[in-house]
Amino acid sequence: MSDGIEDEAPEHKELLSAMEELERAKQRVDQLRAQHRAKAIADVREKIKIYGLSAAELGFVGTVTAQAARGAVQESERTAADRRSQVKPKYRSPEGSETWSGRGKPPLWLQVLLDQGRNKEEFEITEVDLGSAE
0 MSDGIEDEAP
10 EHKELLSAME
20 ELERAKQRVD
30 QLRAQHRAKA
40 IADVREKIKI
50 YGLSAAELGF
60 VGTVTAQAAR
70 GAVQESERTA
80 ADRRSQVKPK
90 YRSPEGSETW
100 SGRGKPPLWL
110 QVLLDQGRNK
120 EEFEITEVDL
130 GSAE
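As numbered in numbering that gives the first Met the number 0, residues 0 to 133 make up the sequence shown, in order.
Derived by calculation from the structure, the hints in this document are not laboratory data.
It is possible that part of the hints are untrue.
As the list claims (entries may be wrong) - Below, a list of computed lysine-lysine pairs in the DSS-like style, where the Cα atoms sit at most 27 Å apart:
(1) Lys119 / Lys89
(2) Lys104 / Lys119
(3) Lys87 / Lys119
(4) Lys48 / Lys38
(5) Lys104 / Lys87
(6) Lys89 / Lys104
Remember, predicted model here, so these are calculated numbers, not experimental data.
Use the sequences and the hints to build the structure in full.
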């Protein structure tokens with residue numbers, strides 16, 4: 000049985016060597032990709048600047064600019080997220096220019112005030128506020 004193990008040792012070494020070579024090749028590919036990627040980004044940015052290209056013209060989907068360039072989205076193309084009803088704002092910034100529904104992560108304007116020791120209930124929109132806003 001020991002003869003079989005000795006016979007496999009060169010194959011084992013060959014396999015390990017091939018695996019190490021493959022790892023070195025992968026690292027080289029990653030290095031070259033990073034080098035070429037940086038140049039490609041610089042080239043694209045330069046062309047965008049020279050030709051005054053917009054994200055919509057380049058076909059980036061999902062951005063407000065791209066949607067505006069394509070025009071209004073047909074009802075059949077709307078996603079479930081688009082069809083959800085708008086949530087009424089529950090909180091208003093002290094300046095009155097920004098609102099938050101109370102869902103998800105608090106907006107920066109509110110987080111800053113909370114960090115200062117303020118209470119979010121201070122910024123709740125009351126029925127009186129809703130009547131004057133409409």
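Against the structure, the hints come out as follows:
1. With a C-alpha separation of about 10 Å, the suggested pair lysine 119 and lysine 89 falls inside the 27 Å cut-off, and the hint holds.
2. The suggested pairing of lysine 104 with lysine 119 holds, with an alpha-carbon distance near 13 Å, which does not exceed 27 Å.
3. With a C-alpha separation of about 16 Å, the suggested pair lysine 87 and lysine 119 falls inside the 27 Å cut-off, and the hint holds.
4. This hinted pair checks out: lysine 48 and lysine 38 have alpha carbons roughly 15 Å apart, not beyond 27 Å.
5. A threshold of 27 Å between alpha carbons decides the hint, and for lysine 104 with lysine 87 the separation of about 16 Å falls inside it, so the pair holds.
6. Between lysine 89 and lysine 104 the alpha-carbon distance is near 13 Å, which keeps this suggested pair within the 27 Å criterion.
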